[in-house]
Amino acid sequence: MANITIAMAKGRLAKQAVKLFNNSGINLPDDMLSSRKLIFELPQENLEIILVKPADVPIYVEYGTADLGIVGKDTLLEENRDLYEMLDLKFGKCRFALAGLPEGKETLLQRKVATKYPDFTRRFFKIKGEPVEIIKLNGSIELAPLTGLADTILDIVQTGRTLKENGLVVYENIQDLSARLVVNKVSMKTYQKQISKIIDALEAELEEE
Amino acid sequence: MNAFVEGVRDILPKELRRRRAIYKRIRKVFQNEDYREVITPTLESLELYTGIEGVIDKSEMFKVVDENGQILVLRPDVTMPIARLAATRFQDTPRPLKFSYLTTAYQSKSSQSLNLKEKTQAGVEMIGSDKLYADIEMIALLIKTMKAVHINNPLIDIGHADLINEIFCEMNLDKKDKDNLLSLLSAKNKVGIKKYLKDVNLDDQNKEILIKLATLFGEPDYVLDKLKELPISKKAYNEVLNLEKLFNKLKEIGLIEHITFDPMLISRHGYYSGVIFKGYAGDHNILLANGGRYDNLTKRFGVGEPAVGFALEIENVLDYLNKTDYEFKAENSRVVINYNKEENFKDAYNMAEILRDKNYIVEIFEELKSDDYVKFQGIDFKIELEEKELKLYNVKTKKHTTINKKDFFDKIDETTADLFEEVR
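Line by line, the protein sequences give chains A and B.
Each residue of the first sequence is one higher than the one before, counting from 1 in this note's numbering.
Each residue of the second sequence is one higher than the one before, counting from 1001 in this note's numbering.
Derived by calculation from the structure, the hints in this document are not laboratory data.
Predicted model, so just to flag it, every value in this text is computed and none were measured.
Heads up, the beta-carbon is just placed ideally off N, CA and C, and yes, glycines get one too.
Within a straight-line C-alpha distance of at most 25 Å, the following computed DMTMM-like cross-link-like pairs (lysine to aspartate or glutamate) qualify: (1) A:Lys126 - B:Asp1199; (2) A:Lys193 - A:Glu62; (3) A:Lys128 - B:Asp1057; (4) B:Lys1323 - A:Asp56; (5) B:Lys1212 - A:Glu205; (6) B:Lys1178 - A:Asp82; (7) B:Lys1212 - A:Glu207; (8) B:Lys1212 - B:Asp1225; (9) A:Lys93 - B:Asp1199; (10) B:Lys1195 - A:Asp88; (11) B:Lys1109 - A:Asp56; (12) B:Lys1176 - A:Asp82; (13) B:Lys1207 - B:Asp1179; (14) A:Lys15 - A:Glu203; (15) B:Lys1194 - A:Glu79; (16) B:Lys1207 - A:Glu208; (17) B:Lys1195 - A:Glu203; (18) B:Lys1195 - A:Asp176; (19) A:Lys126 - B:Asp1179; (20) B:Lys1131 - B:Asp1295; (21) B:Lys1195 - A:Asp82; (22) B:Lys1198 - A:Glu203; (23) B:Lys1194 - A:Asp82; (24) B:Lys1198 - A:Glu205; (25) B:Lys1058 - A:Asp119; (26) B:Lys1195 - A:Glu172; (27) B:Lys1109 - A:Glu62; (28) B:Lys1207 - A:Asp176.
Simulated coverage check for chain B against chain A, where a stretch passes if three residues somewhere in it have a Cβ under 8 Å from a Cβ of chain A: (29) 1184-1192; (30) 1279-1285.
All chains, full assembly: derive it from the sequences and hints.
Right, here's the structure in full:
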């Protein structure tokens, strides 16, 4: 039987994914979250786990290097890859929102939007029909309106605390997000039995919760 | 100067040798069933590819403007040109027309894993037959072609382009809902479908059908049974029965082990209208081929007629063979003849000609100093030519033998094979 490879986003999501798998009867190694190793083999389960950066999960899965992936919907929307999105894992809940300073300064030129998600932002404003200048940042997006780099930010918001503490307000909630199980389109067909077994186990656990 | 172009590549001798070996095998399979090879132009008119929804996105084609200002494209696929060919040059020829091709296609963005803008495709088209047999022949031919190029476990995933439309047809959905549901169904996104259906005006029974369809695929018998249990429209049910017939025939000829069924298989090409299928390597998750029925495509050339075909992606096949460590065996042994003195040139030349005649690949070298060249060329045997005698070396094993030059030339016919055997 072939080994099924699962790509997991390092960090918060991996922690909750390990919990979900263990509760579903698929035992992942205990040292997975503390170790610095990037590949974990589970011969008894015919599984292999690789830990990658969140934004890389859809790439590994689309190319078929990993058969399954666990990743946030935010990353999926930004990467816009050709995958099967099979389960809502219900953890890592947050939302995409537009935010900025309360007074929302009027600009003469087009709106400047700072974001970690430039591709999603571009598509979002295209559908809206509003021309904007997109500024791609890699972190601390909240700084952009405070420093005058941008008027608006498009970012994930969980509790809204970070925004509040920096004196920003939500202009518009765009979409609810959570972690998803994605599957390579070819693997789903070639290893259907093995993958379905994993999906069914996870789904049963999710429905119980 | 930076002359590097992204997405295109040079094919070097080692790879080309492998390609030729694969091409030969593919052509043999196609020829055995009399699919006659054609070559269509690299340049086609842009109009050929526009106007049919979902054929190939305009932005994904390479465009060229000719001296009259007409916009041309580098052919993004070969099925369209062959449909054009059938409708124009072969209008009055008896049907079915059976064509094959092995050529390159150009697309600026490829959705498959290998990011190449110039891809090689080998494919066949059968035009003018709407018989079930044509569909079966196509699927069987694809399996044969895949096996011929050493795909260990060919897997064909079969779907039907009209099935979902027939299912939608009694649901009274507007176009936007249909499009959105279709993309959710093709992404097998059950979560998304459930969420989307909350705000759609549809009765519970029909909602249930759509949710079930999202995860219904796999072994043909199992999927057929489940589909037949669903309260789908009469027309949709009839399509299911047609597919059942197809699967039964494939069972009869012993090919069902290669088949899976995905009722929601949706192809990137919008021109497919009936059975559609994709070919995978079952032991590695690589998509290798696309195919299906495209009965509406030739209509745009004035004569509508049924057609079915497939295309195998050669680069994906090579990628697969790389992963399985398939060994391409060289057909002929390579020999280098080295001489150090000018007066031995004539003997070297004559000897080379004799060996070439016996299907050895022979190079002549004057004063071969190091073995770098021998290694680089992958040479099997080295012959050192001296005044009276010659030494034959096996490059790999270092085994060698010495023979009198005159003897070699006198008894050339009987002894050559033995001589090489001695050091093998």
